[in-house]
Structures are given as structure tokens and as C-alpha cells.
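K.L.:
Following the hints, put chains B, C and D in place on chain A, whose structure we already have.
4 protein chains.
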Amino acid sequence: MSSEFGCKVKISIFGQSHGRAVGVIINGLPAGENIDMDELYRFMARRRPGKNALSTSRSEADLPVFLSGIKDNKTCGTPLCAVIYNSDARSSDYDEFLDKPRPSHADYTAYIKWQGSADMAGGGHFSGRLTAPLCIAGAIASQILKRRGIFVGVHLASVGSVRDNAFPLFPGKELFEAISRKEFPVIDDEKGALMQAVIANAAAASDSVGGIIECAAIGLPAGLGSPMFDGMENKLAAALFGIPAVKGVEFGSGFNGSLLRGSENNDPFCIGTSGSIETAANNSGGILGGITNGMPLILRTAIKPTPSIGLPQQSVSLSRLEPEKLIIKGRHDPCIAHRAVPVVEAVTAAVLLDLFIEEGEI
Amino acid sequence: MSSEFGCKVKISIFGQSHGRAVGVIINGLPAGENIDMDELYRFMARRRPGKNALSTSRSEADLPVFLSGIKDNKTCGTPLCAVIYNSDARSSDYDEFLDKPRPSHADYTAYIKWQGSADMAGGGHFSGRLTAPLCIAGAIASQILKRRGIFVGVHLASVGSVRDNAFPLFPGKELFEAISRKEFPVIDDEKGALMQAVIANAAAASDSVGGIIECAAIGLPAGLGSPMFDGMENKLAAALFGIPAVKGVEFGSGFNGSLLRGSENNDPFCIGTSGSIETAANNSGGILGGITNGMPLILRTAIKPTPSIGLPQQSVSLSRLEPEKLIIKGRHDPCIAHRAVPVVEAVTAAVLLDLFIEEGEI
Amino acid sequence: MSSEFGCKVKISIFGQSHGRAVGVIINGLPAGENIDMDELYRFMARRRPGKNALSTSRSEADLPVFLSGIKDNKTCGTPLCAVIYNSDARSSDYDEFLDKPRPSHADYTAYIKWQGSADMAGGGHFSGRLTAPLCIAGAIASQILKRRGIFVGVHLASVGSVRDNAFPLFPGKELFEAISRKEFPVIDDEKGALMQAVIANAAAASDSVGGIIECAAIGLPAGLGSPMFDGMENKLAAALFGIPAVKGVEFGSGFNGSLLRGSENNDPFCIGTSGSIETAANNSGGILGGITNGMPLILRTAIKPTPSIGLPQQSVSLSRLEPEKLIIKGRHDPCIAHRAVPVVEAVTAAVLLDLFIEEGEI
Amino acid sequence: MSSEFGCKVKISIFGQSHGRAVGVIINGLPAGENIDMDELYRFMARRRPGKNALSTSRSEADLPVFLSGIKDNKTCGTPLCAVIYNSDARSSDYDEFLDKPRPSHADYTAYIKWQGSADMAGGGHFSGRLTAPLCIAGAIASQILKRRGIFVGVHLASVGSVRDNAFPLFPGKELFEAISRKEFPVIDDEKGALMQAVIANAAAASDSVGGIIECAAIGLPAGLGSPMFDGMENKLAAALFGIPAVKGVEFGSGFNGSLLRGSENNDPFCIGTSGSIETAANNSGGILGGITNGMPLILRTAIKPTPSIGLPQQSVSLSRLEPEKLIIKGRHDPCIAHRAVPVVEAVTAAVLLDLFIEEGEI
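Residue numbers (the working numbering), protein chains in the order written: chain A, 1 to 362; chain B, 1 to 362; chain C, 1 to 362; chain D, 1 to 362.
Isolated chain A (complex conformation) (with noise of 0.2 Å):
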């Protein structure tokens, strides 16, 4: 019953979209760590709506105003707040929705929940708004991490049918701040413009697409985890699907690995050039037992499309149980997954330090 995850670093989200503010408290911070706040509103930018005409154009400033635990832009040990304050809301387009439920949005589930004491206009505590503050506390536990030599990455891996190479074995942190500088977050430039016809013909049809993100972990330590229920795969898919929209997470070759057998899907050991234990091949992406074994690590998340669409939809009216047509009207994103690709490294960024510190590496 709580938008909060991680155990030594906690992260606490808070905010609904059209309220007066969003915000995250992260408990557990190490002290002393610099936060570089052009590196963090860059890491922000990269989620912000508006950015280009495949988002919605709804602009807001999102600079974060940080209430505490910080002292001369360093953690000081005690809870960090950072608030953004909404601006720009209209909350009487959503009036409608409070007795006709948008298909494949939680209006529904959220009336039954808190039978008509929710606050849903924009989407409430459920809109992809929320995900900013997310991307604070990925900012910085990303900062913390790099200091330590442990680089996430990450990338629209398809778009509908569309699909970016994968990560190379051994991606490199160059790729990754690469990627991160992109308009349209892919390895393969000529797959991104692709993937943004889809989207832009998805626009065009009135209609929505979905995707799949490919994040990578470079620089974690063999021995991050654990087996059973409290290991790397099961903190890092217990927050990813905290992150509107995502109905999948795998590890490595996940769903594709039933597909192989056993001498394809395992991984041989090897000697590295530098002579340190490796795996020719990573179908574990990076986890054996929730464990990690110093390989790479990598998960893909399935994005749904988006669910606010311009065509007309079935919907039924709560009051008078009978069916009701409905057309939501505005301009909606025709695809998410692209927006999403810095959150899911802000959460993967948070759960990877949330581990580290967990296991005495800070």
C-alpha cells in the first residue's frame, strides 16, 4: 500500500499529476556525494514531455526543487526531498472519465479501490508524470554509481515490429552516454527513424503504439544478490513494474531462452582478455541464482501502447452500468516507450545502488 521501494536506499514517490506537486524522499543516501545538478536536469530532460512532435505538448519547467537532505549540493546522510511543483494542469478534461473509465487506464480500478475518493484528473498518482521524480532518484543513484565504475545503459530496443540491434556483449560506457544524447534513445539511427514512422503512422491512424527497452549494467562486482526472493531479479522486476505501462521484465534471453536448449542457452566460461572469469555468451544477462556474476547485466521491459487513443472506445458509465461510447479528446502521446527509456534506468540505476550499499560496497 505503498509507492516506495528498496530496502537501504528507499525511494518514495509522491504526488498526483494534476495536485500541487510531485516529489521523492530517498532515505539512505551515502553521505558526502556531490550531486551535479546539470548532469541531473539532463537526465530529466531526457523523459520531458514536448521535447519533439511525437510527445505531448504539454511543457512544464520539472526542475526539482530540493526541500532536504542536501548541504552545498552534497547528501548529508538524512532524507533527501525534491519536490517539482505542477504547473500547467487542466484537470476538467478529465471530469468525464470519473463515470466513463478510459479502456486500459486504472480509472476504473482506481474508483473501485477508493470508490470515488481518488483524485484521477491527469491520470493521478498513476500518470506517467510521476515517473519524474523517479528520474531524480535515478539521477542521482546513477551519479553515485559511476563513481564507483558501475554505468547503466539503455535503449528503445523495438518499436512495434521495429527492432534496434541488441547490446553488444560488452557494451561500453561510451555507447551508453552516446545513446543518452540521442533525440530518439537508439544504437542504430537508421532503426530509430523507422521506429519514428511507426509512431508518427500510429499518430496518424489516431492510434498507439508500444515497445520494448533493452538496459545493460556495466561494472557491478560478481556476488550482488541473493537466491530466492530477495536477489537482483527479483528487487529489480519488483520496481520495474512500478513504472507505468511496463507488463513484462526478463533477464538475459528470458522468453526467447525457452525457445533454446540447454547447450544453445548456457553460457561456457572463459578466461577474459584480462584474466578474469567471464561467459562467452550471456543468456543469464548478467544473474545466475539472483546472483550477480560480473558479466553485463541485462533486462528488457515490455511498454504497452499507450492506452490514451483518439479513436472512439468502448467504455460503460459506473453510475448507470450500461455501455457508453467515449472519445478522448487532446493530444496524447501515440507512444511512450521512447519517454520511457530514462526511467527505466533511473529505476535500474536505484535498485543496482540500493544492492551495492545493501552488500557493504559503500
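Some hints could be false.
Identical copies go unnamed one by one, so any copy, or any two together, can satisfy a pair.
Claimed, not checked - Here are the computed lysine-lysine pairs in the DSBU-like style, where the Cα-Cα straight-line distance is at most 35 Å:
hint, residue 1, residue 2
1, K182, K100
2, K329, K146
3, K191, K146
4, K146, K100
5, K182, K325
6, K191, K74
7, K173, K74
8, K329, K74
9, K74, K325
10, K329, K173
11, K100, K173
12, K191, K173
13, K100, K191
Read the hints as simulated data drawn from the structure, not as lab findings.
Model, not experiment: these values are computed from the prediction.
P.N.:
The following block gives chains B, C and D in isolation, referenced to the frame of chain A:
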């Protein structure tokens, strides 16, 4: 760092495969719940090795002994502890792997994490044997849920590229019950026969195959769960990744949903035959915004091919940091996906009971 | 490592005394609960400094701003965040203590824990100012409990050796209400006058005094709590020790009970006037085996004398490891026990609400 | 709702007094730690009944069986489970109390909580017998701490009004060791003899007495713990109230500190003989702001008089709601405070190990 999951109903698993016992403690079970021991034994029998030619020859009684928490076969409110004593253990088979880790097993990550102190005979705490106490917990949770009209069903959705039928839009408890009584847990026995052929072929080639398990839950009230990090998907995924060999979890249309347009993936609302609100499709898998919507809950887990295969593999010597050929002797499951079927049901039932109680429904 | 307590209702406090704001996030509040803002302000006014000559001269509006979680003054089910912006902060007063820690404050332990990175101006995150957001949470919890017939009352049981009357066996909500409206929160105002004289004497001597706070809760159903580590006493004590300056917590006859014989300390059962089961004494403080028995819950907390005193004290230079005389300038509370009275009520109400909801009562 | 405590080192207790076994699961122990079984048995012998004329005549072997988590007497990193099988149980003695609850026992609260389903024979899960598995956990924690130079000591500070000497400002491990080897765990044996006379007198009068236990820990680094709700005092108190019959917990000068002036209660800083920072008094009990300051940690717990006494008492019939006289037959401990002494040590050691590991010290 703990082999535990759940909030109100906490399930803690202990034991090493070749140690004295494996077992489970369950905190937070409601009091006064009858435990039908025969039904519990039947549940456990579904995952037992040695049931047919497709599984390992190790045979065990696997009958749990209840040390606490029940009185006259009724839960008494305080922690329930059940243990399964180990009888048929041959530890020396595993000595070789201490220095020569098996590819895609946890031998290497356990070695790094606990530097020489791990007890990895038979796979130690990472072994599939640890799913036996999980099934005790699941069988108990399942009985409690059934009394409230909630039923969990599960089938083997695919082995390699052979797919079973998917669950229908509204699966019934009779279907669940029928599958659970089959030797090979599929909906369509012809597909099941093909799957078994795939497994037998792999076995003949000293190789292994993976599969996908689909799970459904019916009778859940709408409104269970929470947005963001404490929701249905988060909790189910976190627990399901605790099952050895699970490398992916998805809900509803999951990864395939990323290929659809919003107009295809959205679930239109309708008024059901009983006059209540339903959706005409279930690509959401019964969950929106982390909260149940009253439709059947649908999830799938990817099970990797058994990493133990008879073919020669490439390992390394941990002490000498040199490549080493590895031959895993003895008989091993050419596929564990069919044996993991009841385990997925067990974990799902346990999580659902936890959330059901958390919402004050019991 | 987190400034948070509670299981179903999680309360997370943030802020440094002289930072931009202090505040609270509450996860898990029931939805649809009206928050009477005037009543909340009255609650908060009870702990406010500058109320009379016995308290520090720092004056603050202390009016909370609600950033999330409410809509039209009603809880909306998702996380509630309330902040109090700091206005009257003079940080340079505290620079001296960075190298010369004040005895029996947290200056030294914070220095060791966060080596130079702590923000200790005004006491930082350890300041009594952090009890203001605690009171926000407590005031909200209190309002929700009152609607269910549960009332929490509190009085200053002693200052130095002057003792107020104890609560009667069955205190009423009218008594709680009456005490809460007093300038000085005691049952017997003559004792209160004596206490104030003790405080004034200490102040005149540039010294300080401590006290004991007694808290009662009525209307609780029997059966709340659990044996061993998740019970009423465990949860209340864990939260109450989070109030700065609390050094002891006891229930019922507490430490004095160790002086009694069993025949004196045991609470004989009887049938109450309403025909229900009661006890003729309440040395158990309403809790047996961690579970409420339906009698009033009674607890006491020991508040140490304010460590900030005007008298010269012995410190050390952290940089030079040499003894140093220390004079704490400015005005300081000669006693904080009376200001902590509503804070004890706040924390108790918050824990009771948590357990009440955990048991499925709301 | 769970009989568990700890964050990194989680200790979960199970069992009913007259059930098949009581036991403990410990998650999160560091791997490779040797467990000296003889030392562990000695620890457990200190709480054993039947040791002398002052305790109950029930005799049990109480030797734990380790089901998991160790290999060759070394911890292996995964959950440790130890059980003590029950052998000498006579359940029918307790049938009478099902309808006629014993005053100041948990009979009534358990009845209300689990309406007829509780297993209360011998006190069920509330029994002092459940402290035996606590001592297993404490003995293990203690051995791990000792290897890091941290020692926990404990003595019976009072029985009724007879007081033992307090621990000196800097107690040594030799003192701790010496007390632990005594039949009656006091510093001053003459005081101990007086205490035993008090107990014998109470026994002769078919009555009982309570006491206070003082516990100290030395060798703790400064900087362990946190402000507010996750600190040393919070965690210790939460765990200590899990020991049956504990009704009060205080640190340093505790409740007595409320009688002192700040100038008396404050601990002046000084440079110790080794050149490090110390305080000249220890009214803070080694904890300021929830964080250790490097001085000995000092706490006291109040143990109520044994509620089972031979004198006739007033109960009620739960079924008939009428007053009933109650005579508790058989022999009962006239005092449990001396038997609780090692239990307080066990719980303190377990919490300290948890925090020590949480800080990354192991």
C-alpha cells in the same frame, strides 16, 4: 539477503538440497483454517521427481512434518513451520563443481558470494528441491483462497516452440482442476504429447529444453493491489523470480502487447452476462495500475532450459584460472518446466493470499 | 537507515531544522477521510515554540502545505505529503559546534556517522523541529481514530520530582480534550503550577529539567497486536524512541511493576458495568502478550532534561582532540517535556491507526 | 503479524510450548562463521528451567538440531534453521484456562484474537519456552560479535527492591564472562543472596516477584544507528519487548534521568586514556540521536512478576460471562527475571549484529 517474501503472510524458505531438511515458516496465516492434508499431499505430488520417465530418478517421500502453527489440522494463528527431511542425498557427486562451476548454474556466483563457505551439494539452497516447501505454502494458501471463491490454475503453455492453447477469456475452476490431475499439465493433450516428444528428443541428445508456464486466477475481487511499487504485478513478479530458472515474467499480453496498437491492446469495457462490469478482451491480464479489475489475472513465466546437460561443456578451474572441460554425469531433468507448473501456482496463490489479507478481505 | 515507521500506514519524516522545509509523507491512509484543518492546526499549536515564557523565542507559522494525497480536504488514497517551510532560521549560531560538540546532543554521533557531511544547523535532522511533521501525521491519525471511537489522551506526568495525578482506571475523552486545551498539559493544575516553578527555577539557574509523559488510549478493541516482535508494545516503543530526548518507554506498571508481587501486579478479571469483560486494575496497561485486552492502553515515556543549557560545559575539539570549554549562547527551552506531550500523542495515534488498519478494522 | 525481527539479520521464531518443536530461522548471517557448539550449549543452559530450586521442575534437553544453514559447524550464508523438539509436555493442565483465563497472562487476548483456534497449552506461542530459540540466535550473534571485539554483558539489576551494583562506567568482558558463569547472575553475590531470599519468600507465600535486568555492550564503534525511527534505541526496544514479561525499556539514565537537571544528566566530553574521545559520565547509555557514541551501551528492562501464582485469583468464565475463582495448580517460577537475563543478552546481541552488518562493518 533473506529467502522470504510477503507482507501480511510472510513465507520464509530454508534448507540446502543435501542438508538435513528443507522447510518453510509461514507467518500471518489466518487462524482457524482447516488444512486438508490429502489435498496438500496431492499438490506436492505434482512437482515430485521420479513421477515419470521425463524426470530425475531421485525419489523422496517429500511428506512434510508440521512442527508448529497447526492444532488438530487447523491453523492456530501463530507461525506455521513445516519441514521435509532429506533422505536420498548423495553429496560427493558435486565435489567436482566446487572448483569447476557448471555453466548457467549458481555454482560460480555462490562461490564468489560466500567464498568457499557455501554448501552447494545438490545445488544447495539454489536447488529445485527448495520448491517443495514453496508448494507446502502454496497448497495452504490455495485451500484458504478456494474457501473464498478464488481459484488459481496453471498449465504448461509451451515447451520449446510447441505451444499449448492459451487459457480462454473466462477459464473455470473445473478446467484448473482437470489440468492439475493430468500427468502432463496442458490444456490440449495432443500438444502435450508433442511437448513430451520435444523433451524426449532433447534427452536423447543429452540436451535440455525450456518452456513457458501460464497461470490464471479467477474470483479475485476488483480493487486488490496498489499503484507503483506495492502492486499486484510488482509482488507477483518479485516472488515468481524466486523460482529457480525463471528468467521472465509478463502479465496479460505482456511482451506481445508491445507489437500491438493501442486500439488492439486496449480492453473495451462491457456489461457482462451477470450485469457487472467486464472487459471484452483481457490484454491487461486483470491488472491495471497495479490493481485488479475483476477479470481473470493472467501471467506467464519463462523457464530456461535445464542448465544440467549431458553434453561436454566449457568451464574454468577457479583455483587455476584455466579453461576446463566439464562433463556432468548422472541423470538430470531434460526439462523442468512441467515440474515448475505447480510451483508457479503455489507462488501465485501465496502472493494473492497476502494481498487479499492485506486488503482486509480476511 | 530511514526516518520512517509503520507497516500499513507508513510515516516518513524528512527535513533539517534550518533547511528549506521539514515534512512528512504518509502512505497507506484510508481514502475518503475528511481532514479538519482547524483541528489539525490546533493539534500542531500545542507543540509550537514561543507559546509562553517557558519555551524558546523562535516563532514560526508552522502551517503545513499539503502537496499531495488530499483532494477537497479528503484523503484520496495515494501518498499524502505535507511540508512546513522554514522561515526563521539563523544557521551561523551553530558553526561553533561543528568542531566542539555539545554534550548529550547528537553533534558528535552525527559527525562520526557522516564525517563532516551532516547538516547540523539547528540540530539538523535531530532537531525537535522534526516533531512538527510528526504532529501532522498524528493529528490526521487522531481524526481517523476518533471517527471509530478511539481516543488518545496525554498529560505531563512529572517534571523533575513533581508528579501530576495518574490517569484514572477509565479515563474519558472529555478529560483528554480538557487537558489538550490547557496551556500546560496536566490533570491537576496545582501540580502544573509546581512543575512550572521547577522549570522556571532551572531556567533561572541556566539549567534544564526533564519529565515523564503519560499517554492513554481508550476505545481500542481487544485483540489488536501480536505476540513476540510485531506487537503493540514493540511497535509503540520503536516509534516513541524516535522522538528526540525519549530515553525510556514503559507500559502499565512498567518499571514499578518490578517492585510488586504477582498478587499485586496481576489484573483480576471482572464483569464490567456494561456486562463485558474487564480487569479490576490495569497494571498491564491494556496489553498482554503484545495484544490489547480492551482496557485503556497506558504508556509512559521518559524525557531527558534539555541538553542545551546556559551553564559552561566540558567539550572537546574534534580536530585537535583537546578539551574545550563550551558555552551555548541564546535562549533554549529549559524543559521540552511539556512540548513533547502532543508529540507522544501523535506518535501513539499513528501507531494505533497502523495496527487498527493492519487488523483489517478499516 | 510475524514473530520476526531484524533487517539484515532476520530472526524468525516459531513454535508452541507444547507443540512438536520450537525453533528459529536466521536469514542474513555472514558466511564462514564458526559456531562453537559447546559455547552455544553453555549459553542456552543459562536460561534452562530446572537448574535450581528457584525454577520450574520441567526438565528438557533443549539441545538444538540444526536443519540448515551450517556445514561443518560453519555458517554457509543461506538461512539457518535450528529446532528444539519438545519432549516433556503435559497439555491437559491447561484445558481449564480455555474458558477461565489466567490474570495477566495472554490467555484472554489470544482467545479474542484467534477465537478458539489458538493453541495455548503451556502458554502456546507466548510461553517463555520460546526464548530458547531466541537464545540460539543470540548465542550465534554473540560469537560473531566477539570475534569483532564486541561483547555483551548482562546482570540481574534488581529483584523486588533489592538492587545489585550497577555496571561500572567501563565494564570489561571479564566481568561479563564472570557473571555469565554464576548460578545467579549478579555482580555482587551478597545482593544476589538477598534477591534469592526475596524469591524464596515469595515462593513460600505462593506468590511471585519481578525484577530489572541491566545489559551493557562494549567495543561498539561510534556511528552505528540512525536518527528517528531506525536507530539503536528503536530497534533494541522493539526487539526487547518481544521477550515475554518485559514491560519497560530504558537507556542510560532512562526514567531516572527525568529527575535530573541537564547539568547533571549531560555527559561531559573528555579525552580518554587512549587519547580518544570519551564522556566522563554515561547517562546517555552510549547512544545519542539513535547513534552509538563509542561509550558502553547501557539498557535496562523491567520484568513483571510471574503472573502464574499459587494464590487464588479472580477470573471470569468466557462462555458464561460470570466471575470465577481460579487456582493455578502445579509448580511455577516464583521469579523469571533471573532466567530472562541471558535472553536479554541474546536479543541485544542479535540487534547489535543486525546493525553492525547493516552499516557494512561485516
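K.L.:
Up to 35 Å between alpha-carbons, please classify K146 paired with K100: within, between, both or neither.
P.N.:
Answer is between; shortest inter-copy Cα gap is 33 Å, intra-copy 47 Å.
K.L.:
Within a copy, between copies, both or neither: where do K100 and K173 come within 35 Å Cα-Cα?
P.N.:
between (47 Å within a copy, 31 Å between copies)
K.L.:
One pair to classify: K191 and K173, alpha carbons no more than 35 Å apart. Within, between, both, or neither?
P.N.:
Only inside one copy: K191 and K173 sit 21 Å apart there, 46 Å across copies, limit 35 Å.
K.L.:
First find the shortest C-alpha distance between K329 and K74 inside one copy, then the shortest across copies, and answer within, between, both or neither for a cut-off of 35 Å.
P.N.:
between (44 Å within a copy, 29 Å between copies)
K.L.:
Taking 35 Å as the upper bound on the Cα-Cα distance, should K100 and K191 be classified as within, between, both, or neither?
P.N.:
Close neither inside one copy (38 Å) nor across copies (42 Å); limit 35 Å.
K.L.:
For K182 vs K100, is the C-alpha pair at or below 35 Å within one copy, between two copies, both, or neither?
P.N.:
neither (39 Å within a copy, 44 Å between copies)
K.L.:
Reference check for the pair K329 and K146, CA-CA at most 35 Å: within, between, both, or neither?
P.N.:
Neither way: K329 and K146 sit 43 Å apart in one copy and 43 Å across, limit 35 Å.
K.L.:
As a check of your reading, is K191 near K146 (CA-CA no more than 35 Å) within one copy, between copies, both or neither?
P.N.:
Cα proximity of K191 and K146: one copy only (29 Å, versus 50 Å across).
K.L.:
Please work out whether the CA atoms of K182 and K325 approach to 35 Å or closer within one copy, between two copies, in both situations, or in neither?
P.N.:
neither (40 Å within a copy, 44 Å between copies)
K.L.:
Between K191 and K74, at a C-alpha cutoff of 35 Å, which is it: within one copy, between copies, both, or neither?
P.N.:
neither (40 Å within a copy, 49 Å between copies)
K.L.:
State whether the alpha carbon distance between K74 and K325 is at most 35 Å within one copy, between copies, both, or neither.
P.N.:
between (53 Å within a copy, 31 Å between copies)
K.L.:
Tell me, please, which holds for K329 and K173 at an alpha-carbon limit of 35 Å: within, between, both or neither?
P.N.:
neither (42 Å within a copy, 41 Å between copies)
Checked against the numbered hints above, the structure violates hints 1, 2, 5, 6, 10 and 13; every other hint is satisfied.
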